[in-house]
Structure formats: structure tokens, C-alpha cells
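Colleague: Please model the complete structure; the sequences and the hints are all you need to start from.
Now for the letters of each chain:
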Amino acid sequence: MTLIEMSNVGKQYGNIVALHDISLRVNAGEITCVLGDNGAGKSTLIKIMSGLHRHDSGEMRVDGEPKHFGSPREALDRGIATVYQDLAVVALMPVWRNFFLGSELRKGPLKVLDIDTMRRTTRDELARMGIRLGDVEQPIGQLSGGERQCVAIARAIHFGARVLILDEPTAALGVKQSGVVLKYVAAARDAGLGVVFITHNPHHAYLVGDHFILLNRGRMRLDCKRAEISLDDLTREMAGGDELTALTHELERT
Amino acid sequence: MSSTSTAAAERAVPERVARASLAHRLLARPELGSLVGAIAIFIFFFVIADPFRQTSSMATVLYVSSTIGIMAVPVALLMIGGEFDLSAGVNVTASSLFAAMLSFQLSLNVWAGVLVSLVFALGIGFLNGFLVMTTKIPSFLVTLGTFLMLQGANIAITKQVSGQVATDNISDMDGFSSARRVFASSFEVGGVSIRVTVLWWLLFVAIGTWILLRTRFGNWIFAVGGNVDSARAVGVPVRQTKIALFMGVGLCAWFMGMHRLFAFNTVQSGEGVGNEFIYIIAAVIGGCLLTGGYGSAIGAAFGALIFGMTNQGIVYAGWEADWFKFFLGIMLLFATVLNMWVRRLAVHPGRAPRASARMQARRQP
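In order, the protein sequences belong to chains A and B. In this text, residue positions in the first sequence follow the numbering used here: the first is 1, and each later residue adds one. In this text, residue positions in the second sequence follow the numbering used here: the first is 255, and each later residue adds one.
It is worth saying that the hints were derived from the structure and are not from the lab. Quick caveat: nothing in here was measured; it's all calculated off a predicted structure. Just so it is clear, CB atoms sit at the ideal spot from N, CA and C, and this is done for glycine as well. Some hints could be false.
Looking from chain B toward chain A, a few residues come up when the C-beta cut is under 8 Å (computed) [to be verified]: (1) Arg468; (2) Thr469; (3) Arg470; (4) Phe476; (5) Ala477; (6) Gly480; (7) Asn481; (8) Ser484; (9) Val488; (10) Val490; (11) Tyr548.
Modeller: Next up, the structure:
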């Protein structure tokens with residue numbers, strides 16, 4: 001099932017072309033990897049999908065309807081959740097308070113926080129993602145970077161996300177931690193979500209991706225399914241393809 | 255210790271849970287440091303100052319503490335929300351001047367003055383919050399501005415209206431005795447006279463704690479103080495939350511203003527200057543983080559109690575009263591260092607300093 005479909009989408013900031021002629025699909029139960037170097041247009045692309053920016057040309061369809069999101073809230077209401085690299089967590093607050101921040105559960109005539117339910121839900125939701133966290137009362141800053149990413153992902157899924165956009169979730173992490181996060185990215189896919197995985201690491205992308213899109217200076221340089229490309233080719237394309245070959249010759253020691 | 259903790263840092267999630275012992279949970283409470291400090295200071299004066307041991311002295315200590323403690327609650331909440339209010343001290347005086355002059359000049363029932371001055375005090379709080387949120391200027395500067403404005407206006411308007419620097423005595427006006435019962439009466443417990451503000455203090459601390467830990471608004475307070483961008487990103491109404499916190503300071507400033515008015519029948523227009531720092535110090539001693547996002551109302555109450563005990567203890571011990579400020583400075587420094595240490599233990603339990611420094615570096619957003 002196609003959740004988001006972009007056809008020939010473009011975006012300009014003044015006279016700078018940030019994106020040109022981008023076409024992609026985000027399917028349920030699939031991971032679409034968007035690769036590219038710094039400044040390739042990855043962030044512009046996710047900002048259009050998550051409602052922070054509007055595209056100028058082309059068409060974006062959400063569940064088949066043409067859509068221009070006016071705000072991140074609108075995108076969220078359509079089930080499109082974005083987990084940003086800098087993570088929307090408050091370090092000194094307990095895990096469960098972070099999990100429900102902005103969507104707190106309340107009960108009774110005094111509208112007091114339903115703490116027990118929120119604690120239990122947090123624990124269960126994290127367990128469902130395979131994160132075992134006995135004490136949801138600990139400050140979230142006490143968790144590792146990878147664990148915090150996982151909590152943010154679990155949170156997005158719990159609050160009804162159908163499309164999960166992950167902005168460089170492994171960029172600041174070590175090898176082990178990246179592995180943990182990639183497992184949860186795969187778990188989100190298995191739960192039937194459409195995942196958009198933004199990264200500049202082809203190795204991470206190839207581990208989980210079903211579909212690869214490579215951006216270069218705002219244009220699509222590559223668009224292929226997993227079966228159509230090998231990791232070596234993907235890495236080579238990512239590293240600059242022919243440019244890399246030229247650079248290799250240039251730097252060759254005589 | 256060092257070797258086991260390094261190993262512990264390497265372990266996975268479930269083991270980390272096992273380390274969250276009762277002692278750690280206790281250490282994680284922001285008010286622990288101030289509780290220990292309050293007990294230490296109590297023992298200190300109990301041992302060296304004879305008069306301190308009498309129950310009537312205790313009643314006086316509680317009264318002095320309550321006059322600070324009632325204001326320390328909203329100031330602590332505001333600080334947890336990431337802001338300061340330097341106009342808190344003079345707002346107390348401004349509210350009482352407003353109520354006194356309005357009632358006296360228009361010959362109204364004093365309750366009319368009391369209620370209108372509530373609107374006035376809330377208005378000052380709203381103005382502070384509105385200016386901070388709209389101009390994005392740090393609250394330290396904005397409220398320094400309102401502090402100076404109120405300080406000047408308090409004296410200038412009082413002189414203009416009553417021809418002197420204090421308001422006229424309102425003790426023979428309608429409604430005075432009932433208002434006095436609410437704001438400034440006393441009651442006997444076992445032969446000792448206790449001021450009613452002590453009860454109000456306990457109530458305010460209880461309400462403050464309830465708001466912080468049991469309501470959605472409390473969750474928002476911690477969030478806007480801890481990481482305002484994250485709070486905004488998940489849909490917390492940052493602007494309304496902060497403005498409400500400033501108005502909370504206004505509410506309590508009004509309450510203290512009413513207490514002063516009905517306790518002394520008249521108000522000195524120059525009063526209140528410098529008290530804003532006392533409230534802030536009580537909140538900091540009570541474990542509130544100066545940068546926001548962490549603290550408690552109960553801690554602020556212990557901070558106020560430390561303040562009251564020291565204030566009176568120095569007198570009972572027969573020392574020069576001027577040493578009070580010196581003593582206070584020491585306690586502030588001591589409390590800040592202690593709280594920093596406690597918080598480090600809370601966030602990184604059982605880790606060696608070396609390992610925790612590394613974690614600290616990684617944890618920073």
C-alpha cells in the first residue's frame with residue numbers, strides 16, 4: 001500500500017534550487033532509504049513530508065490525495081511522524097514523562113495525571129519494540145543515545161504513526177548503538193509502518209533498506225530496489241561514483 | 255568501586271535497573287540536600303543557643319520561614335520553568351499599597367481593595383510573562399525592569415496620594431477584622447501562639463507539589479524549563495505555560511502583600527526590595543536548578559526553613575545580626591555544590607567520577 005507518493009516535486013529557496021524533480025513512494029511495511037552527502041537536499045525532502053516546508057512544484061499524495069501540509073501538526077494528524085536527530089526529549093525528565101509529553105493521559109474530575117497507566121503503557125510499548133527498561137522512572141538523559149532514539153521511535157508508533165521519518169538516526173552513534181537502532185527500524189517496518197530512513201551511511205542503509213534513493217545537489221541520482229543494486233555499487237555511488245574514480249587517480253602515489 | 259562501576263557502565267539495560275536501589279531513589283529527590291541542611295542547622299542552633307530550644311522560639315522561626323516560604327513556592331516553580339522574577343519582592347509591597355490606598359481613598363470595604371489588588375498583582379505577573387515571551391529578552395532583564403518601575407512607582411505614588419512614605423492606617427475600616435482573620439491571625443496550640451501564615455505556607459507547598467508532580471501543567475513546567483525546543487516540538491503550549499508561572503508569582507505576591515497589610519495596618523512604600531533574592535536563594539537551596547528543568551516545591555520549603563532558622567538562630571545565639579547575610583552566603587554556596595553532587599549521582603548512579611564525566615560530555619544536547 002502506498003502511503004506517500006511524490007511525483008516531480010521541487011523546492012526553491014529564492015533562486016537556489018534545493019530539490020528538483022523528485023519522485024518516490026513510501027510503502028507500508030517497507031523501508032525507503034534516502035541517501036546523500038551534506039547539502040544534497042535530504043533535509044528539505046523530509047521537511048516537505050513532515051509539514052515544515054511546502055513544495056513549489058510537482059505533487060505529493062498522501063493516501064492518494066494531493067496534499068500541501070501547513071504545519072507539522074497536520075502531518076502528525078495524518079500519521080506522519082518525524083524523529084529528528086536532535087531528539088525531542090527532555091534529559092532530566094523520567095522516561096515515561098518524556099514518552100507522554102504533550103499527550104498526557106488524565107483521569108478523574110480533577111484531571112490528575114494517570115501516572116500508573118502512563119508508566120505501564122511506556123513499559124509495555126518499549127517492551128513491544130524489544131527495549132527492556134524495568135525502571136521508566138529514570139531520567140531519559142541516563143539512557144544511551146541509541147536507547148533514546150528507540151524511545152522516540154516507540155513513542156511515534158504508539159501515537160499512531162503510519163509513516164516514520166528518521167533523520168540520520170545513527171549519525172551520532174557508535175557501531176553497537178547503531179546496530180540497536182537499526183533493529184528497531186526493522187521492527188517498525190515489521191509492524192507495518194512505512195519508514196523513510198535518511199542517512200549518509202550506505203552500510204546502514206543496505207542492512208535494512210528495501211528501496212534506495214540517492215540525492216545529489218537536489219536531484220535524484222539513483223532510484224532502485226534492493227534487488228537491483230549491490231552494497232559495493234551503492235557505496236560507490238554514494239561516495240561519488242565517477243568522481244571517486246577520478247579522485248583515486250589524482251591521489252594515486254607515483 | 256572504580257573497577258566495578260566501569261564494568262557496570264559497559265553492561266546492558268536490565269542491569270542498570272538493578273542498580274536503581276532505594277538509596278539511589280532517595281538521592282534522586284531534589285529536596286534531599288535541603289532536608290539534610292535543615293536538620294544540620296537545626297541541630298547546630300539547638301546545641302549552641304539556649305533560647306532556640308523553647309517552643310515559642312520555634313513558632314517564631316516557623317513564622318519567619320512562612321513569610322519567605324509562601325513566595326518561595328511560585329518562585330521555585332518559575333525557576334523550574336526556566337525563568338526568574340526579580341520583581342517578586344516589590345510586587346508584594348505594590349499589592350499591599352494598592353489595596354490599602356484604594357480602600358482608604360475611596361472609603362470602600364477593605365475586601366474590595368483586597369480583590370482589586372489581586373487583579374493588579376496577577377496583571378503584573380502577566381505583564382512580566384507576556385514581555386518575556388514576546389520580546390524573547392531574558393526574564394532576568396525584563397523583570398529587572400519591572401522591579402525598578404515598581405520600586406519607583408511604589409514610593410512616588412504613595413507620596414502623591416497620602417503625602418507620606420507610608421499608607422494611612424486602615425484598621426478601623428469595614429471588613430478589616432475579617433480580612434485580618436484570613437491573612438494575619440494567630441491560633442494557640444498547646445499554649446504556643448502560631449501565626450496563620452504557617453498553615454497557608456503548608457497549603458501552598460502542598461498545592462505546588464501537587465501541580466508539579468500530579469498535573470499535566472506540572473509536566474509542562476519541567477519540559478519548558480528542561481528543553482524548550484523539545485517541549486514545543488511535541489505540542490506543549492510554551493507561551494501559556496510560562497505566562498501562567500509568572501502569574502503564579504503575582505498571586506503569591508498578592509497573598510503576602512495582604513498578610514503584611516493586615517498584620518501591620520499600614521504599609522511602608524520602600525519595603526520588599528532585596529526580598530526577591532531571598533526567595534530565589536530559598537528555591538536554589540531547595541534544589542532548584544538555576545538553568546531550569548529540575549527542582550521541587552518541598553525543597554523550596556526546606557530552603558525557607560533554613561532561612562528562618564538562621565535568621566532567628568543568630569539572634570538567639572546572641573551574635574551580631576550582621577553575620578546573618580554572611581552565613582546565608584556560605585549556605586548558598588554549600589547548597590549549590592551539594593545539589594550538583596546529588597544530581598550527578600541521580601543521573602549517573604554508581605559511576606566513578608571519570609566515567610561520569612565522560613557520560614556527562616556525551617549527554618549534553
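Colleague: Hints first: check each against the structure and report whether it holds.
Modeller: Quick rundown of the hints versus the structure:
A distance limit of 8 Å between C-beta atoms decides the matter here; for Arg468/B the minimum to chain A is near 5 Å, and the interface restraint holds. The beta carbon of Thr469/B comes within 6 Å of a beta carbon in chain A, closer than 8 Å, and the hint placing it at the interface holds. The interface hint given for Arg470/B holds, since its Cβ lies 4 Å from the closest Cβ of chain A, which is under the 8 Å cut-off. Checking Phe476/B against chain A by beta carbon gives a least distance of about 5 Å; that is within 8 Å, so the hint holds.
Interface hint at Ala477/B: satisfied, since its Cβ lies 5 Å from the closest Cβ of chain A, which is below the 8 Å cut-off. The beta carbon of Gly480/B is positioned within 8 Å of a beta carbon in chain A (closest approach about 4 Å), and the interface hint is therefore held. A hinted interface residue such as Asn481/B counts as satisfied when its beta carbon comes closer than 8 Å to some beta carbon of chain A; here the least separation is about 4 Å, so the hint holds. Here the hint on Ser484/B is kept, as its CB sits about 4 Å from the closest CB of chain A, short of 8 Å.
Satisfaction of the interface hint for Val488/B is found here, the shortest Cβ-Cβ separation to chain A being roughly 3 Å, below the 8 Å cut-off. With a least beta-carbon distance of about 5 Å to chain A, the hint placing Val490/B at the interface is held under the 8 Å criterion. Satisfaction of the interface hint for Tyr548/B is found here, the shortest Cβ-Cβ separation to chain A being roughly 5 Å, below the 8 Å cut-off.
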